[in-house]
Structure formats: C-alpha cells, structure tokens
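> Listed below, chain by chain, are the residues.
There are 2 protein chains.
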Amino acid sequence: MAGAGLEKRRMDKIECIRCGPLEEPDPSSPFCTACGEPRVAVPLVRPGARSIREDRPLALEKFVDFLPLEAVDPELSLGEGMTPLVSLRRVGAALGLPAVRAKNEAQNPTASFKDRGTVVAVQKTAARGIRRIGTVSTGNMAASTAAYGARAGLETFVLLKEGTTPLSLRVAGIHRPHLIAVDGDYGELFRASLEVGKKLGIVFMNSVDPHRLAGYKLTAFEIFLQLGRRPPGMVVAPVSSGGHLIGLMLGFQDLEREGMIRAFPRFVGVQASGCAPLAEAFRAGSQRYERPMVVRTIAHAIANPAPPAGNAVLRLIREREGLLLAVSDGEMLEAQRELAEAEGVFCQPESATTLAALKILAASGQIEDGNGEIVLVLTGSGLKTPGLLEAAPLELHNVSLEGLEEGLARLL
Amino acid sequence: MAGAGLEKRRMDKIECIRCGPLEEPDPSSPFCTACGEPRVAVPLVRPGARSIREDRPLALEKFVDFLPLEAVDPELSLGEGMTPLVSLRRVGAALGLPAVRAKNEAQNPTASFKDRGTVVAVQKTAARGIRRIGTVSTGNMAASTAAYGARAGLETFVLLKEGTTPLSLRVAGIHRPHLIAVDGDYGELFRASLEVGKKLGIVFMNSVDPHRLAGYKLTAFEIFLQLGRRPPGMVVAPVSSGGHLIGLMLGFQDLEREGMIRAFPRFVGVQASGCAPLAEAFRAGSQRYERPMVVRTIAHAIANPAPPAGNAVLRLIREREGLLLAVSDGEMLEAQRELAEAEGVFCQPESATTLAALKILAASGQIEDGNGEIVLVLTGSGLKTPGLLEAAPLELHNVSLEGLEEGLARLL
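Just so you know, the sequences run in chain order B and Z. Just so it is clear: in the first sequence, position 179 is 179 by the numbering used here, and no numbers are missing. Every number in the numbering used here is 1000 more than the matching position in the second sequence, counting from 1.
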C-alpha cells in the first residue's frame, strides 16, 4: 500500500492557481514561490476526459476524475458530501427572489464543510504511507481533522490558537488527537506549523492546503448536479482564510473547462464587519488587503485578520466579476434566526452571513432579474456555537398537566 | 391542495401492528383499542407492487411506495435520510467481528433520527390542510418537530417535561415554536397531549405515532440498499418509547413481504441500566414491563420509564428471536469515546449504547460466526450533549510559538 503510494506520488501534481504548473515547487508550502497565491493539487485525469460517476455512492467516487486521487479508499470516508440543497422559499419570497437555496454543509460528518477538504488530504496522506497529520484551528477544522485522523488511524496534532472555546476543545478532543494550545499570532502559527511539520514528518493540512482546496471543489460539483446539471446564477459563501471560496470557484472552473457549464456563477464572499480585511480592500479597489488593527466579532470561525489566500480571493473575485462584502454581528444573528424560523434550517451565525449579505444586495438593487438560482453555502451547524443562542428570544410557558388544555387554548 | 388532501384522506389507512386493519379505528389515538399496541400508517401501494426508486434524490421519494403518502412535497423536506453506513473496522476487529457498521443518523437535518418520522408526519398533516402540530419531548424530538413545523409554516407546540436542558430548549426554540414546560408525569402527558390536541385541532406527533413509525421504516430500506440489496444479520438500536425500533422492524417486514429479503435481521434493543423496564421484562420472561421506581442515568434521550410501545417491543423482539439488554452509563460513555477515537464517529452516549451492547454480546459468545453484517444505529450527534463530554479525558499541552518544534518533538 505504502509502496504503491510512493510510486504514484510522482504523478501527483500541485500547481499555483494563478501561474499554473511550476518546474520545482516546494512541496511543503501551499503557496506559489513566484506569486504567493495558493497551490492546488490537480486531478490525475486530464481536462476533456473527466466525467461524473453519478452511480457511485460516495461524493469522492462520483467526482474522482476531478480530484488528485489515484483511487478512493472508502474506509477513510465518514460519508462526507452530498449534503442537501434545500429551497428557501419564504426567505426568497420576502426578498422578491424566486430561487434561493441553501447548501447545508452542517450535514457533513463533523457538521461543517471542512470534512470535504480533510477527507481528500487524508486520503492522499494515508496513500503515501505518512502516519502523522496536523492542523491549525479554533474550531470546525480541529474537529474535522481530529475525526478523519482517528478514522485513518493517524497520529493527529491540533494546534489551537488562543480563544478556542472549551466546547471546541472537547469536540475535537473526543477523537484523542494531541491538543496543543499555542501562544502567538495565528498567521505566524500557520507558517510555523508547515516548517516544523516538514522537519518532524507531520503533514499539516491547514485552511489553505493544495489537497484541502481540491476537496472543496466537491461542493461546486454537487450544486451543479443538484440543479440538474446547470450552474447557479450566484453563490454566496462566508470567507475566512479564503481556501473554501477558492475551492468552490475552482470547482466551477473545472466544469467550465470540461464544457459542462457555459456561464460562470457570480460569487459573493462575505466577512464579518468586525474583521473584514478583504471586503474593505475590495471596496477600496486595492489589490492587497491590510490587516485590521482590531478584531471584534462573535463570528470566530471567520474572524481571520490575515487570510492566507486573501489576495488570491481579491484577484479571483475581481476577474470573475464577483463581490466581497461585510455584515454586522446583529445582521448575521438576525439572519440565523430567520433561516431557523422561516425555513427550519439551523446554521452557525458565520453561515448566516450569506443570507445577511443577500438581504443587503437585494435591498440595494444589486441582484438583477433572471440571474438564475442563488445558492447560500451554509458552512456549519448551529450546534457548534450554542453559546450564541442565548441572544435569541425565547418564551417559555409553564403549565400543569391539569391546566394543559387551558394553557394551549390561550396560545391559539 | 387542502381539497385534494381531504379527498385523498379517505385512502389513508392506519392499522394496528398486531391486529392489522380495523373497521373503525379511533383516528386520534396511536394505539389499537383491541390490544393496546401501536398503530402504523400503511402504504397506499399494495404489497407485491412496491418498488424502490433509486434514481430519485430524496429518501422519501426513493421509498414512497412503502410510505403512507400519495405524493411527496419536496418543499417540506430538509434533506433527511440517506445517512452514511460507515464501516467500523477497528471496533469490529477488536471484537473479532469482521463486518460491523454504523448507520450514522447524526447526519440528518436536526442531527438525529427523529427527522425521518417527523417529515412523514408533517407531509401528511400539511397535505390535510392542518396548520397546527405538536410533540412531547425532552430534546431531539423537540428540535426535529420545531424545525419541520417551521419549514412547513405550521404553528408548532412543543411540550417539555421537567429536566429539559437549557441547550435543548434553545436548540428547539430557535425555530420559534410555542415552548410549554409541563409539570407532571411524562406518560400522562403523552396521553393528555393527544386528547387535548384532538379538541384544539393540534396534531400531536409524539414518539409513537402512526406516521412517525412509518417514517422510521426508511432506515431499514436504506440499510438494505447500502448493503447491496441484502439484509444485515443483526441490527442494534437504542430503545426508549419503542417507536423507533418498531419502525425499523416494520421496514424489514415490508421488505420481507415484497420478497426482497428472505432472512430477517436479529434485532437487539438497548436500554440504559438506570432505566431499563424492557430489558428487565425480557430477562424475566414477562410479557409486560413494569415501571421502574427510580430512574438514574445520564442517558436522558432513552430514559423512558413507561415506554408507550414497550409491550409491543417485547412481543416483536420475542417473535423475531431478538434481544433486549441494558448497559451502564460507564459502558456507554466508554463506547462513545471508542467510536470517536477508533473510528472518527462522534455520537450521543445514548447511541453508543449499541456498541456497549455489542461488546457484551461478543464477550459472552452470543454472536455466532457467519451472522452477516452487524449494523449499529447511531441515533444522534454527540453535539447534542456537550455537557457529557466533560467526563472524557482531555490533555492539553501549552507551548509558545518559538517552542513549537520542541513541544511537538516531545510528543512524537
């Protein structure tokens, strides 16, 4: 198994999302030495020869032609992907938009989109015979990497930055990774982990990782299938490191290259206004973002003051005529409640930034008619952040068993 | 829509799971007036003419021939069902069992199996033009009914018994149902809700409900498909009210009637030893269970001292040569950690009772070779009960950014 992995490794190509293939890439860095943009692991099947295998059970198998995998080991899967694309009729109607849908990533094995990237990175790592993986995280990434590491029988190192909640710690901890709280800047920790990992033989699969990015493409392919082999008109997704949004865009780019779609969706990336370096750079027309002095938001999962793929996001969004904007904590909490009340969907506030952004765009007339389907990517479950529910209104009535009829009748 | 519903209602048949069709059933009671066992809503397509539509996207649509639905309204779905059936290789190997799998119900929209029953009951209610639903719950049922009620635009009444955690309250509350804390016995509340509901026009879809039971059959159909159109040798599931286990058994019974399976799986129902009326009656050889005087377990989701379908479970398990047993809180917590550590699956302790029971059966030589696949039904996500994680061991290392390499090297 390890031998076969070593032999096939030579076929593994990692290229810059901007510059394309390079002669001598540094395999331990996720960034291009020429331009600094992220690298992505490219599929082994050449463009033009890729097809979707709808009859296969796992998402990894359906879209394997578009992934950097020689083969899929189903034993390393936890049943990630193929999450529902549910219509948001009431939410859409309230905005005068006929076709709004949610891609509910909370229905992944560890209740967030991270599993798509983790499973591809772990498949690759295990095939190479590497037994140690790691990640840098405050929450969803920690749980996902710890779960898939446990699944594959790997030794897993989770580096936690300050501010990780006790719940996040325990949810990752149940899989028994090494949990290491690191005192220091998150951006520096991201880079240091890769350097140290290279020395110690630990593959760090952080938010921007060539195989992780490839995994995030799956969401694009699934949306395409779920819409009856058509692209949506618009995709709205939260942006933190930038890796997820880039993965989504690369997925639609793959479909474009295969001639499966002609129109490219309009991408809207959303940040929290308390930490919005990309939205601010976009508004200012800058090519590079500036790190905010202060970070103040409840949206910890997307509060990244120095997104590693931030400048790449700025470039891609501009080239594809997309948008980047920010929403307030109040707006995202209101949108979270609206999705739960009107549609029965309970997501993280970070995921609800997508609806908050859509409301802003609709109110300011920035959505034209006939734009096609609008897909909000809801990145994680509301169960991940129970503490934030305490801000939601809650009315509890008390009745005795004898007073049940009267009590209920009063509410009618 | 409502008119069509009224016309079609006449076709809706509800029959006792033991006595079969009755001439004049009381439509407001989920129990047979003759024998007291639960009623189930029967499919509209007659036996022998039912087929599985594998090409349809929703679980409800794939198995509609086996459901009491004239049609499926996809708008009322949240994408429930088709949860992964993941292999548990390490867990199986440790027990000397080659083929153990988990049906991971945590990947349903509200992170538990309840959604399967709720969606069928809500489809039916909405088609009839009824606008008010309710349930009696301490946790998973409340969240599920509140979510689907919100989805369908129904007014939803959630009756909560004492001991509901603040988290459960808020997770259901985010969908804005009427939350009513009722002071009084849970068993009496179950019955009172149905009576009061009938008077006030509120359809209470409690744990034992004819349409809910029909929805739970879906899990059996999916397992059958996921095993390549074969039945498992054994199905292990937690037992609380008894509705879920009966639904699972009815599903395999449907497949048997269609000639799709010949061998019927051996069913193992598991309770918490701190509240195990059915396991105790089974061991004592009694036909009827006795209510325990004291309930003491961390497993709130299955701590039901007076399970409404309990005697039916006892009968069915005996007839089908199954088993009922109880496991301790310590055993279920250990099994929860084992699933997380060895397999990457994070479930509720109540769900982990299934592995705890399997370990007992394997240790006492009660599992014969060649029994076929063993399926553990993991009913809900570990994220539902974060408080219980505090008992799990957790080791956190602290390092500075400069000390990262040294800190990691020490752990290797």
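Just so you know, the hints here were simulated from the structure itself, not pulled from any lab data. This one's a predicted model, so the numbers in the text were calculated from it and none came from an experiment. Please note: incorrect hints may appear among the correct ones.
[What the hints assert, rightly or not] Here chain B is said to cover these stretches of chain Z; the calculated rule only asks that three of the stretch's residues, wherever they fall, bring their Cβ under 8 Å from a Cβ of chain B:
1. 1166 to 1176
2. 1376 to 1386
[Claimed, not checked] Partial pick of chain B residues on the chain Z-facing surface, computed with a CB cut under 10 Å:
3. 36
4. 97
5. 98
6. 128
7. 129
8. 163
9. 167
10. 175
11. 336
12. 383
13. 389
Ideal Cβ positions, reconstructed from N, Cα and C, are used throughout, including at glycine.
> Are three or more residues of the region 1376 to 1386 of chain Z within 8 Å, CB to CB, of chain B?
Three-residue rule met by the region 1376 to 1386 of chain Z, so holds; n is 5.
> Per the CB criterion, is residue 389 of chain B less than 10 Å away from chain Z?
Where the cut-off is 10 Å and the nearest Cβ of chain Z is about 4 Å from residue 389 of chain B, the hint holds.
> Tell me if residue 163 of chain B is really an interface residue toward chain Z, meaning its C-beta lies closer than 10 Å to one of theirs.
violated (14 Å)
> Quick one: see if chain B covers the region 1166 to 1176 of chain Z, three-plus residues with Cβ-Cβ under 8 Å.
Since three or more residues must qualify, the claim that chain B covers the region 1166 to 1176 of chain Z holds, with 8 doing so at under 8 Å.
> Restraint: residue 97 of chain B near chain Z, CB-CB cut 10 Å. Satisfied or not?
With a closest approach of 16 Å, the residue 97 of chain B hint is violated.
> Next item in the hint list is residue 129 of chain B. Is there a CB on chain Z closer than 10 Å to its CB?
violated (17 Å)
> Should the hint that residue 175 of chain B touches chain Z count as held when the rule is a Cβ pair under 10 Å?
Where the cut-off is 10 Å and the nearest Cβ of chain Z is about 5 Å from residue 175 of chain B, the hint holds.
> Given residue 383 of chain B as an interface hint, is the shortest Cβ-Cβ distance to chain Z below 10 Å?
This hint holds: residue 383 of chain B lies near chain Z, its Cβ roughly 4 Å from the closest one there, short of 10 Å.
> Let's test the interface hint: is any C-beta of chain Z closer than 10 Å to that of residue 128 of chain B?
violated (18 Å)
> Have a go at the residue 98 of chain B hint: is there a Cβ in chain Z nearer than 10 Å to its own Cβ?
violated (13 Å)
> Taking 10 Å as the limit, does the beta-carbon of residue 36 of chain B come near enough to a beta-carbon in chain Z?
violated (22 Å)
> Does the CB of residue 336 of chain B sit less than 10 Å away from some CB of chain Z?
Holds: closest Cβ of chain Z sits about 8 Å from residue 336 of chain B, inside 10 Å.
Hint compliance for this structure: hints 3, 4, 5, 6, 7 and 8 are not met, and every other hint is.
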